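K.L.:
Could you slot chain S onto chain H? The hints should help.
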Amino acid sequence: MNAERITEKLNILADAAKYDVSCSSSGSKRKNENKGLGNASNGICHSYTEDGRCVSLLKILLTNHCIFDCAYCVSRKNNDIKRAAFTVQEVVDLTINFYRRNYIEGLFLSSGIFKDADYTMERLVRVAKKLRTEHKFNGYIHLKSIPGASDELMREAGLYADRLSINLEIPTEEGLKLLAPDKNRQDMIDPMQFLKDEIILRKDEKKLFKKAPIFAPAGQSTQVIVGATPETDQQVLQSANHFYKNFNLKRVYYSGYVPVLVDKRLPALNTSVPMVRENRLYQADWLMRFYGFNVNEIVSNQQPLLDLDIDPKLGWAIRNMQAFPVDINKADLQLILRVPGVGLLSAQKIVSARKFGKLNWEQLKKIGVAVNRARYFITCNSNAFERRDLTGFNIKQFILAESQSKYIKNKPNQLNLF
Amino acid sequence: MTTLFYDGTFEGMLTAIFEIYDRKLTQVKLQKGGLVAGAMFEETLTVVTNEAYAGRVLKGLRQKLSPGGVQRLYIAHMAEMENEENNLVGYIRYVFDSTQNIEDDYGNRFVMRISEIIRMMRREKHRMEAFVRFKKLKDGIYYAAVEPDFNVLPLLIRHFRNRYTDQKWMIYDLKRSYGIYYDMHDTQFITLDFSAVGNPGEIISVYTEDESIYQHLWKNYFHSVNIPARKNTRLHVRHIPKRYWKHLTEKI
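From first to last, the protein sequence lines are chains H and S.
Sequential numbering from 1 applies to the first sequence in my numbering.
Sequential numbering from 1 applies to the second sequence in my numbering.
Among these hints, one or two may not hold up.
Stated by the list, open to error - Below are the EDC-like pairs computed for lysine to aspartate or glutamate, each with C-alpha atoms no more than 20 Å apart in a straight line:
(1) S:138 x H:93
(2) H:365 x S:103
(3) H:129 x H:151
(4) H:207 x H:197
(5) H:31 x S:166
(6) S:219 x H:4
(7) H:355 x S:166
(8) H:115 x H:80
(9) S:135 x H:93
(10) H:82 x H:197
(11) H:355 x S:104
These aren't lab readings, by the way, just hints derived from the structure by calculation.
Small disclaimer: the values here were computed from a predicted structure and weren't measured.
Bound-form chain S, shown alone:
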């Protein structure tokens, strides 16, 4: 068993695949980061990300998979779920070792697992499209803070850009400390320094005057449309799990 360490990037993973085939390794484990204590007696290899190698692997994948299949693989890696690297490697090896396109082979455990990861990512992306609550700041920017389970911000850009073309907006992932910002021309990734903000009271002072009115109206609306005779808390919580509540205006 050889443990391969890589830098966590998609290119890094593809380079690792290159190494696996180049060195004819059979039993492998792929892990993010560097050497850890206790791994002394195992064989290890630190993968140095190489664009040329990664490019060759990607080219091979493109020949064996549909464009959508390659994209799904990329998204599954972007999810940054822990210890899923080996399923991704298993999937890619299965792709290369098969003569036909295996994307729909749901009887295979790697194909099934990738399809599950994609489903989880899609659901989280969809949840963010639903649960983002913009607050209008004095400088005209619509700002929203989120804490998604997986790294989905890059997948949100297209949806929000198409929808909110005529307003500046920013969606910030507090868990991963970065955001996306649209200035009515381009979208870019940004990081913010919150240390200057201090107490939450000051944050409220940067909202426009009518912001609190619309928040109030929305909360009122949310309560008015409820039918108490049909109360179903279990269903309610299944649709909006509690961990999302703190950023939902109507649930605060």
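If we strip away everything but chain H, and leave its shape as in the complex, we get:
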């Protein structure tokens, strides 16, 4: 092995792949039943980069040669950068050796488009096939679906991969036309549709025949770039909601645009990464998936943007004061989940614990409720509760005043004396 050459390739092709934020290695149940190497279960983050993102998979491009010229992408055809390509064997060796040392949960393989869609997809599938069949590798494999790849190849990919994803990149069709003129939204949706149908079909088959092979057990995901085009949060979240509902996606990832290229269609190079907005979008996404919120409750025509100062659950609560206070000792789980400061686990614990006796503030705090926020919205087994008739606006001010948001560096009401 030529260590120097491999190192150079790895640096180039990992660097080019890092803007894909998907890192999940969960949702698959691939077992190590063939006395082979590895398994895929609940997902483990083996390390974290200095920007605080999890490193779970060996995330690389097979090559950064690309025939497309998408404005937001570092690997675009007309960008003057170093190009490299791995051989199938090189990717296999890296994956196996990293995995055996417990560095990673598996492989996330993407690629620039060289020649055409099928040619590229065929290479990706070949890597996965080699790992699964020749090396009895049962670790996690995430493959990119290449827009426009044939159904045959997508079917083969689903047999070897745990998850497949195709990045919509831009939340709306108009945005995509502007920044990626070579790409066609329908080309992305077709493989997604094909996989969705195939996954449902294979699941039914598996119910009848236990021996039937598993097919993309961790489902599909996608990613949209936020802040490269002028879409509102409402458009972003409604588009996400559409794909969750109609394509059974497991995850939609939101990637705050990192300015890497000079292009008059894009934000300038010195623009900061919209990290707060990205965080709020993920919070909203969680509300839709785990907390029973409808997308229209979070964003609407009157409120097309998420409030950057407070999380979207608190935002919903102060717009809907008529729903509160909630009696923690009586209310349904669904209602408790809507209280700011009460998370999924705390809500479940509350519902279990109150069967044994009514809960008070001290107990709620122990259970994990953020009482400083929740106290405006609940009553419990105590005479102390918020008696003032506060407006949503008041509550927001109180909470902001006493919380030290990680995002607000300088409090606006703090005067600088010297």
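P.N.:
Quick look at chain S alone, frame taken from chain H:
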């Protein structure tokens, strides 16, 4: 107040519970080890671990708790956290004194505390599943040294056995001076004598040739995937606290 001394084993603790009920003690304190100076004026009792007594208590627990509940109790004891014995005793007494299963009574301070200990143990176990970094030795064994906050090695066996079936591996807890070793058939607990190794340079000589290459590649990879424009040191350190760094290949 009676202070009970026991040998630190789970059976020992269950025997202590037996003694508490047998002697109808109400105010008790359970402590590991033997008599200490200054305890002269207190009533003390040294518990002699008795398998039959422990077995009876365990049987009682099994009737009152779910199988998972008994296991959680065992794990909470295995954590070997200091001065947690009294919370465990309090929990077990609450189990026996209640007519119904109290596992989910999070309003009770003992139930809540056990649930916290379990959460800490789970997190440490999960961290070890993530932070173990194997190095390939010349004899084909993949070796990793760790220093977990709590005694979690026994909880790791199943995960690593299922995952690395076709390679020999060893995970060694330097803090507690014992390890687990898998030889492709069985897993066993072992202790190593490091005195013969001498200087660290010799340790490097027992690694396979390509070991340093893959370590180098991994470090390179780790730096390549970082996005400097998004630097967030606080988040980084929260996810990987500094005390773990010395055994993480990418952070050395």
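K.L.:
Please go over all the hints and tell whether each is borne out by the structure.
P.N.:
Here is what the structure says about each hint:
1. S:138 x H:93: Since the Cα atoms of residue 138 (chain S) and residue 93 (chain H) sit roughly 19 Å apart, the hinted pair holds (cutoff 20 Å).
2. H:365 x S:103: holds, 19 Å
3. H:129 x H:151: With Cα atoms ~17 Å apart, residue 129 (chain H) and residue 151 (chain H) stay inside 20 Å; holds.
4. H:207 x H:197: Holds, at about 16 Å.
5. H:31 x S:166: The hint holds at about 14 Å.
6. S:219 x H:4: Within the cut-off at roughly 14 Å; holds.
7. H:355 x S:166: violated, 48 Å
8. H:115 x H:80: Status holds; Cα separation ~19 Å.
9. S:135 x H:93: holds, 16 Å
10. H:82 x H:197: This hinted pair is violated, its Cα atoms lying about 39 Å apart.
11. H:355 x S:104: Status holds; Cα separation ~9 Å.
Of the numbered hints listed earlier, those contradicted by the structure are 7 and 10.
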